[in-house]
Structures are given as C-alpha cells and as structure tokens.
Amino acid sequence: DQERNLTTLSRRGGTDSAGPKAVASAAHRIAAQLRGAGISAQVLPAAAVRQAVRQLHAGIDPGELSESWTQLTGPVESRCVTNYWVDWSQLQEDGLDECFSAGGRRTTLTVSLSSKLEPDLVAPRRGIGDVEVRGLVRYVGPAFDQPPLAYLRALGGRQSEALLASLGSGVSCAAIGVEPIAAAEVLPAPGGQDSGLTIPIGPSGQLLGSISGRPHHMLALSLFDPTPYNPRRRTVEVRATLPVAQQIILRAAAVGADVEIHTGRPDSWHQFVAAVGDARTMRLAPPPGAPNGALPATIAVFDELNPSATGAHTTVTIVEPGVAPRGPQSDITITQVSQTTVTVSIPMSTVQVDLIEPVGEARYFDLAGRRQAAPATRPQSGRPGWRDLLDPDALSAGAAVPTAATATLPGNGRTASAGGAAGAESAGEPTSAPAPGTVFPGGA
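Note that the sequence shown ends on residue 1598 in this note's numbering; no numbers are left out.
Treat the hints with care, since some could be wrong.
As the list claims (entries may be wrong) - Mimicking EDC-like on lysine to aspartate or glutamate, the simulated pairs with C-alpha atoms at most 16 Å apart in a straight line are:
| hint | residue 1 | residue 2 |
| --- | --- | --- |
| 1 | Lys1270 | Asp1284 |
| 2 | Lys1270 | Glu1286 |
| 3 | Lys1270 | Glu1333 |
| 4 | Lys1270 | Glu1339 |
To be verified - If you anchor each label on the Cβ, the simulated ranges turn out as follows:
| hint | residue 1 | residue 2 | range |
| --- | --- | --- | --- |
| 5 | Glu1231 | Arg1158 | 53 to 61 Å |
| 6 | Gly1213 | Val1477 | 42 to 50 Å |
| 7 | Pro1475 | Leu1267 | 42 to 50 Å |
| 8 | Gly1367 | Pro1475 | 31 to 39 Å |
| 9 | Arg1204 | Gln1493 | 46 to 54 Å |
| 10 | Asp1299 | Ser1164 | 56 to 64 Å |
| 11 | Leu1449 | Ser1220 | 33 to 41 Å |
| 12 | His1370 | Gly1431 | 33 to 41 Å |
| 13 | Gly1167 | Gln1187 | 21 to 29 Å |
| 14 | Gln1205 | Gly1476 | 42 to 50 Å |
| 15 | Asn1384 | Gly1322 | 13 to 21 Å |
Hints are computed from structural coordinates only; laboratory data are not their basis. Treat the numbers as computed from the prediction; the structure is a model and nothing was measured. Cβ atoms here follow ideal geometry from the backbone N, Cα and C, with glycine treated the same way.
From just these sequences and the hints, can you work out the full model?
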C-alpha cells in the first residue's frame, strides 16, 4: 500500500536504488527457507551465476548459441542445446529420474512452482491446492531426432525462451506454453504419509561400498561440500587402519577434493602421496613454522594428531580402531569392524558397508600391509590419468549402479544420492534410472 507506507518508501529511495536491495533481501530469505527445508542453497554473485550457466552447458556461453526450430546450436556442432517440456500425464514408475538416462549428454531438470491465483498482496496464505507444477528438461550434447522419452514434448520454435525460462530469468515456463499439473497430484500433502520425503539435491560424493547383505545396493557419501561460495563445514572421524583410511581419502580426492595431510608418521604417507603425483590434489602439510604457499585445501587430514584450525571445509581425523574419540561427536564417523567392512554413522543412524576396491586402486598403497577387499563391480575406464585409474565414473554422482543408496547429512542440508532430482545436473552416462535405495534419516 503506497499511501500507508509512503514515509518508509521515501526513506528507501527511488526504484533504481531500492529495487535491487529488495530483490537481494528476498533472495536471501528464500535461500534461508530452502536451507531450513534441508536443501543446500546459497545466494551467488553475478560472476558465479555466469560461471554456473557455463558449467551447465559444457562451457558453452549462451550468447554463442543460434536458434533453429528444434534446438540451439553452438560453435561445436556436437554440442547442441535441446529443451523439452514435461507431460506429467505420461510419467511412468521411474518418474523424472529417467530423464537422466540419455547417454553422453549433460542433463538439467527444472521444476517450476507457480500460483494458479492472480497476484494479491493481501490474499490469505495459499495452500498446495493453489500451486501448479511445470517441468523443463534440457540436454547438451548431440542432437536428438525425436524426444528421447515418452513424457518429453518438443518446444518447436521456442528453444531460446525455454533456455531463459530454465535459468531464472524473467521468462516463465507458463509464458512459453508449458502445460502444468496441480501440485497436489505430484507433491506429498503436508502431514501425509510421504510428507517427510527427502528430495536428493547435490552430488553423491564417493562410492564407499555395498550395503552389507545387499550387494547390489551401493552407498555413496560426500565428505566435503564442493560449493565454492560459503561451503558447509564438516567433521569426519575415521576409526580404521591406515590402508582403509587412505582408501577413503584417495576416493575423496578422485571426486574433486584437495587434501592436505597432517601426520606424525610421514613415512607411512610418502609412497601414497608420491603415487598420486599431484601436489595440488594430495600433499603433506609443511612442518610447523615453515611457509606454506599452497592454496587452502578442501579436506585437512589429521592422522593420529589432534586437529588444529585450518582453512579447509572438512576436517578428517584418523585414529586406530578401538581408540576413544578425540573430541565431540563428528558429523560422520566411519569405523572399521573387519578387514573388508566398515560402519558409517551419522547422529541417530548407522549402516554397515562392505568395502569394494576398483581395478587399479591398489597401486596407490603400500601393498605390504594391504588388506584384501571385494573386487569392484565395474571395470577400469581405460582412460589415462590417475583419477581415471580409479574409475571416477563409478565414484561420482554420475555413476549408474543397480540401486542407489542415499545419505542425508545432519547440519549441512545436502542429500547424497546416485539419482537425479529437481535442479540436479548430470554429466555422466547412466545406463538406467536408479531404484529406491537405503536412506539415512538424518536431521537436516
């Protein structure tokens, strides 16, 4: 009401100055509500938004795209951007996860929620019955001759508008003719049987192994938050022998972590660090007082040492099995119970995992005391480079496993899952949509 709030509005200044402030304030409130709902969300500066857009499109700048009737074409002929809208009436049991099964393409799924009612500042709070849901799926890669799935519909002549609608611009999904479905038909009702359903958003992290007694159910767990802006801090305690602890650390590095190791037994780590051969990815911390010119690590490892303050997002402490905890309860605790089995614990939940060993991984360890783990179920990728020798496709979020396990980490609002979900982006080549897995009901 401009008349009743004229004094306040005049203090805020004109539209040119007050408008951006209001938008920024609203963005921070929305991000806070998403974090409260267990979804990792950050308000990004403009440069980070541009970087994210390029990453979603395999490095293609949207300004380089030219539009045809069925797709957007960039400077590289094999990298086309193709948008489809979701026909909810044709969804099958696998749901939207199936859209991530198009091999060799980056996939972005956008789910838009909007009100069926006209905007009204004084209207009472709207319920789920007043909300409509629309969906867009975007592929970056070789062009399709026809939609790859039965529930995807072509957007002929509206590819540029569809791209803008999925990037949070002023173009809405409704404006380009995307047909909606009532939210009550696809979202759980508040207080209903499925109202506690967790939507997996974010990377799965590294593959630890298979759920004990369920060899086709794999557990993936992220030890660090890869978000470049305001990442969540995390503490991890590994109660295991050194070979098992090193395996966990190596897999974290294989999915993108930069690791700095603080240890009182450096001789036990020299061969391991030398085998990796990348000082940016894996390095021993310099002695106390020595200059450290390296960039801050993502993970700081304290091997049989009390942890100290570092710039790393995640602190990992390593102790032998049976040793008492060194501090307060960690966000994640991994405890070795046998040569090939560990338990993974978060507050109020524990699962037992049978370790697996991808082909080629053993070359990074001192084989003299190496325990025998179960062989990997996936072959070596065959591409050169140390990360590829670990078969990173099997260790990262894009991996296709027979069934996916998920883990919701307390206090960080991120759910690890091998499947896709709203807002998720897949750069891998999954062979099938993931089936329901085992969920840690941690308190986010």
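Do the hints match the structure? See the list:
no., hint, in the structure
1, Lys1270 x Asp1284, "holds, 5 Å"
2, Lys1270 x Glu1286, "holds, 6 Å"
3, Lys1270 x Glu1333, "holds, 12 Å"
4, Lys1270 x Glu1339, "holds, 14 Å"
5, Glu1231 x Arg1158: 53 to 61 Å, "holds, 59 Å"
6, Gly1213 x Val1477: 42 to 50 Å, "holds, 47 Å"
7, Pro1475 x Leu1267: 42 to 50 Å, "holds, 48 Å"
8, Gly1367 x Pro1475: 31 to 39 Å, "violated, 22 Å"
9, Arg1204 x Gln1493: 46 to 54 Å, "holds, 49 Å"
10, Asp1299 x Ser1164: 56 to 64 Å, "holds, 59 Å"
11, Leu1449 x Ser1220: 33 to 41 Å, "holds, 38 Å"
12, His1370 x Gly1431: 33 to 41 Å, "holds, 34 Å"
13, Gly1167 x Gln1187: 21 to 29 Å, "holds, 27 Å"
14, Gln1205 x Gly1476: 42 to 50 Å, "holds, 46 Å"
15, Asn1384 x Gly1322: 13 to 21 Å, "holds, 19 Å"
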